[in-house]
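Novice: Mind docking chain X on chain C? Use the hints.
The listed protein sequences correspond, in order, to chains C and X.
Going by our numbering, the first residue of the first sequence is number 674, and it counts up by one from there.
Going by our numbering, the first residue of the second sequence is number 357, and it counts up by one from there.
Just so you know, these hints were derived from the structure itself, not from any lab.
Every residue gets a Cβ at the ideal spot worked out from N, C-alpha and C, and that includes glycine.
Computed, partial: chain X to chain C, Cβ under 8 angstroms:
hint : residue
1    : Gly430
2    : Gly510
3    : Ser654
4    : Val677
5    : Thr731
Some chain C residues well away from chain X (every beta-carbon gap over 12 angstroms; in silico):
hint : residue
6    : Gly683
7    : Asp926
8    : Glu934
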Amino acid sequence: MRTLLVWLAGGLSLAGSIQVAMANGWNMPVGVTELSGNIHSLHMTIFWICVAIGVVVFGVMFYSLFRYRHAKGAKAANFHENIVVEVVWTAIPLLILIGMAVPATATLKQMYDASEADLDILVTGQQWRWRYDYLGEDVAFTSNLGTPRAQIRGEEAFGENYLLEVDEPLVVPVNRKVRFLFTSDDVIHSWWVPDLAVKQDSVPGFINENWVRIDEPGVYRGQCAELCGKDHAFMPIVVHAMEEEAFDTWLADRRAAASQEAQGIDREWAMDELMERGEQVYTAVCVSCHQEDGSGNPPAFPALAGNQALLDDRDRHIDTVVDGVSGAAMPAFRSTLNPVEIAAVITYERNAWGNDSGDSVQPSEIAERLSD
Amino acid sequence: MATNPAPKPVPQHASTAAGGLAEAHPERPSGLLRWLLTTNHKEIGTLYLIFSLTMFFIGGVFAMVVRAELFQPGLQLVQPEFFNQMTTMHGLIMVFGAVMPAFVGLANWMVPLQIGAPDMALPRLNNFSFWLLPVAFTLLLSTLLMPGGGPNFGWTFYAPLSTTYAPPSTTFFILSLHIAGISSILGAINIIATILNLRAPGMRMMDMPLFVWTWLITAFLLIAVMPVLAGVVTMMLMDINFGTSFFNAAGGGDPVLFQHLFWFFGHPEVYIMILPAFGIVSAIIPTFARKRLFGYASMVYATAAIAILSFLVWAHHMFVVGLPLVAELFFMYCTMLIAVPTGVKVFNWITTLFRGSISFEPPMLFALAFVVLFTIGGFSGLMLAIAPADFQYHDTYFVVAHFHYVLVPGAVFAIMAGVYYWLPKWTGHYPHERLAQWHFWLSVVGVNLTFFPMHFSGLAGMPRRIPDYALQFADFNLVSSLGAFLFGASQLLFVAVVVLCVRGGRQAPAQAWEHAEDLEWSVPSPAPLHTFETPPTFERPAH
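Bound conformation, chain C alone (with noise of 0.2 angstroms):
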């Protein structure tokens, strides 16, 4: 009677602090959809199913273990086979199987529908990047990391949210259904956010979906699952999902902004601006490559400063930029930055760490170029 308490007793703690170790940052999310929130409970069923299993099976062989020693003089018996007792630990997990696989296949359904959403957003994988497309409503944008690569190399204190922050976050609504489509421009990435439940490849030439509906307003982040070459570490998502009206107002600020920098397009801009701007563009996007100093990282990734070649021809620095380079690393920036954005960052390139060329680049004229 004793050792039965005693063994309850320490059941119940390993359970309890099983249960504490969960809400610790030990165990898979709740999450906030409702999708979420049926996929940790598949996972909570699925696990004490494991613990009951594994509870009976390593008592049977602990108990014989200590039971049956050969040096107390345990003499063994003699028995092989038992038909009765093979069908029946054969059948009993197939019924157990069963008995998970009919919600599993309810959750996946519900996962699978992706119709009638009000919201839909093309996410796009790039090495080491995501894009966002708010399809229909005329709103695009690129997430980068948004730690200092200083922090990465040690020569700064990380922050709170380390290699988990990005320069823009995919901003959605609460309550209301938004589709995700998925494709990439490179390799194959794949866009995770725990508490989201939602973990879908980007793969070229593909559109993948699926979808959220979020309950609670806040500021969720993951990141790329699937090793995508070098930055991989490096592609964080942060999700902030705001109460609809606050959604609908930001939609219509970024709307604004668009229209204004595409207006920007047709104006004469001044060394300064650009430089201004030109710094912002390549520390988001170019620093992962090509380094804080432009010094690169040959043979893969060519320098930038004192790079003869590209200072003393204009226009293939205009074209590398713009079409990348066909089998290398570089990517094609056409549609991933504005013709503002990529005049800035050649004027930039051409002008900071001592390039010093005195050119710069208008937006005009990569507009002009694009529309080739």
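Specialist: Chain X in isolation, oriented as in the chain C frame:
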């Protein structure tokens, strides 16, 4: 721990007592040439095992680099480019260079001895199969020194990261996989030919030891899937060098096709690495429980069932790649079904222990740890089979924890159990008991410290294959790294035990373990170079 009791008298096979034909070949080359030209299954088995151990340490060093970088957040030791090469090479070397050749080495040594055959059916082919391996892996390792570095796209080498975006050395990587693949296919043909043709008179298929059975089934798996691997890497070769677009979406190709082909090879490959382990454990547990294996026939059927199911589950590696709903359901159900035959095996082992007379020699310790820890890996496998939940588990450290539980305390522990079990037969000496126990306990602690926290870091949101991570994963990674260093260092003890055992130690009789039943224990220890030159008569154990 119990000392090994005196062996019961076993009739020695007549032609083996004097060392068989060894004296009939006085012109045998010596030195290096002897090993290069040998067609003897025991010598080739030894070569395979030494090669495998070497690769185990090289792959292990790569793992240590990975764990050292992940010891704390931030980039300290290596850059992401090199980190990716280390994770990729660690996987490739361990799968193709360490685990698979170790099982082939054990098969070379033990299959002929367990079925009463004088050698493998195709001895020259056997020599060729082995010597392809050092060529393949020298080539593979040399890519690390090439411009642009070695393979950096993960051991699963998904296109187009491994084609359009791969380093120039990828063509060498493809060639090395081709060579290793040919080696595996030839080895498998040899094992099948041996088992089907060279069994002792009177030994029916259903009398074969389970190690022989599991290897027979494994060999068929190898023949079925290695050509698929050869096909897929050839398509990569064409994409890289000859302008085709099998996997290039821009040219009308299909990157997802790569994954279907890879995993059609890759999932049976996973069982190639575990079925022979089942066979080893099924030999060791009855020996040290002094009781016949429970459910021999169901063990054979379960192995066959697992092998057949392994062809129907490949897309469970691809649940988030964008498959249609019916495909997800089909692969989820088939994957869950694998739990049934696997469960049968575990129940059979445990029922063999039940009412046995159990002692804990080193092979038994490793076999028991295998049963417990492989089952834990099986549980996380069952969780991963649940497709909706896999949307959260996929490509996280939860998966890393899962497959390391089935491969390290699974396959690797079974190999070590087999080595400790058969060392007396190979060397004529028992392994050093105390050192072997230290090796066992340090390995068990190290392996769990390394891999158990990975369940938590994965569930909490840490993706696999990243050189740097967010701060909430720091504690888990610290423990994993310390565990990995402990596990890595402990394997030096294994080398010490093996070297000491080859050099000397307590003499082992022919019947090195009191209750061991199979034919290998009827030849002297150490086994002479040639055994069973006239076939033994197989006698079925009385029911």
